[in-house]
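Since the structure of chain S is provided, determine the placement of chain B on it from the hints.
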Amino acid sequence: MNPCQGDENGCSPTPWGNDFVPLAPGGASLFCQALPVVAVCPAGTHDDGNGRCVANAVPQCRVEVGYQGAIIPSQSAVNHSYLYVQPSPGSPFEVLDAGPQRAIPYVILRPRGLPRPMYVGFGKMVTDVSAQGMYQEATNPASTVTWAQYEPCWLVAKLISDTEALNGVYDYGGLSYNSNSFVYTVLWDVGLSNAVHQPARTPGWGDLFLIP
Amino acid sequence: MQGAFRAVRYPVKALAWLSAAALAAAALAAVLSYYMESGEIISPPRGGPATIALLDRPDVRLVMYDICRQNPSREEPPRVLAREYSDLLASGAIAKLAAGTRVSVLSRDIGAGMSGLWSIKVRSGPWSGRRGWTCPGSLVLLHAYP
Numbered sequence: 001m002n003p004c005q006g007d008e009n010g011c012s013p014t015p016w017g018n019d020f021v022p023l024a025p026g027g028a029s030l031f032c033q034a035l036p037v038v039a040v041c042p043a044g045t046h047d048d049g050n051g052r053c054v055a056n057a058v059p060q061c062r063v064e065v066g067y068q069g070a071i072i073p074s075q076s077a078v079n080h081s082y083l084y085v086q087p088s089p090g091s092p093f094e095v096l097d098a099g100p101q102r103a104i105p106y107v108i109l110r111p112r113g114l115p116r117p118m119y120v121g122f123g124k125m126v127t128d129v130s131a132q133g134m135y136q137e138a139t140n141p142a143s144t145v146t147w148a149q150y151e152p153c154w155l156v157a158k159l160i161s162d163t164e165a166l167n168g169v170y171d172y173g174g175l176s177y178n179s180n181s182f183v184y185t186v187l188w189d190v191g192l193s194n195a196v197h198q199p200a201r202t203p204g205w206g207d208l209f210l211i212p
Numbered sequence: 001m002q003g004a005f006r007a008v009r010y011p012v013k014a015l016a017w018l019s020a021a022a023l024a025a026a027a028l029a030a031v032l033s034y035y036m037e038s039g040e041i042i043s044p045p046r047g048g049p050a051t052i053a054l055l056d057r058p059d060v061r062l063v064m065y066d067i068c069r070q071n072p073s074r075e076e077p078p079r080v081l082a083r084e085y086s087d088l089l090a091s092g093a094i095a096k097l098a099a100g101t102r103v104s105v106l107s108r109d110i111g112a113g114m115s116g117l118w119s120i121k122v123r124s125g126p127w128s129g130r131r132g133w134t135c136p137g138s139l140v141l142l143h144a145y146p
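For the protein sequence lines, the chains are S and B, in the order given.
The first sequence lines up with residues 1 to 212 when you count with the working numbering.
The second sequence lines up with residues 1 to 146 when you count with the working numbering.
Bound conformation, chain S alone:
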């Protein structure tokens, strides 16, 4: 007797449309076997093997926020922050960082009414995407990672394109509008500025640049 009663082949339909066929006569099992059914799925989804369309997994890339001591890399009295990112899943990390065009300002002014000194001569803020980092952040043993998470790779691509877009656009401000402001700005642009806590002693964090 055929254990799978139903259609003319002895198969019963399942709720999602595929039917069951009986095992070959003389088989050990009394159960029926599912026929493979391939669904035509819309873009961004795929067949889960049961004829159902499920959303594709979004490729995930690692994003990390780090800092190291400014001026003296091993001393974190005042810090310089940056990002480590994976451009594609499992790829080597790139460092996204920023700094002044020139290491020494020519003049330091303190105009009346301004709460902070004004530095003239640092030049523009230079931003960089590189394996080593402008300040060897990739190999500095004093580097501290304060936040790390997997994020969609498109978001990492946005962090990289924002970094490139900010290169040479704004004046470097010293204790404000600096590398910490750069990190805050690119995180803000991808909606991560609230998720990431401000690294310790990073003046300029919270200052936003307008990304061109």
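Listed next, with one range per pair, are the computed distances between beta-carbon atoms:
(1) B:Asp87 with S:Asp207: 47 to 53 Å
(2) S:Gly168 with B:Ser38: 21 to 27 Å
(3) S:Gly168 with B:Ser91: 28 to 34 Å
(4) B:Leu55 with S:Gln75: 35 to 41 Å
(5) S:Asp48 with B:Arg83: 56 to 62 Å
(6) B:Lys96 with S:Leu210: 39 to 45 Å
DSBU-like cross-link-like pairs, simulated, lysine-lysine; straight-line CA separation at most 35 Å:
(7) S:Lys124 with B:Lys121
(8) S:Lys124 with B:Lys96
(9) B:Lys121 with B:Lys96
(10) S:Lys158 with S:Lys124
Hint data in this document are derived by calculation from the structure and do not stem from the laboratory.
Where a beta carbon is used, it is the ideal one built from N, C-alpha and C, also for glycine.
Only chain B this time, still in chain S's reference frame:
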């Protein structure tokens, strides 16, 4: 007479103090400048030296741009201008610096001149004292600002 002497003595003394303070500030700025500008040539991904331009000339710029843009490994001649690269290397317009060579990074150029290249002064090795330009990925600075 004594009063006149006193009247002259104090401004002179004050001027001397001011000059000393200015000299000390200038010396401190020079030391800080040297410290903050210090960097070194790093090994390209596949090892080997990095190329620097020693002259700011249009033909040198073209070859440097070719190296920076098309040959990120930097240890080989540029793909497009390979012959020009050899000629410039032979004439001393460009040079190869070994990884670990100490340099001072004078400016990271964005606009005019060697646009996009970093202006450096070599601090060690056979090219010590020479000024040059190199690709941004060829070196690191040792001290960061916030």
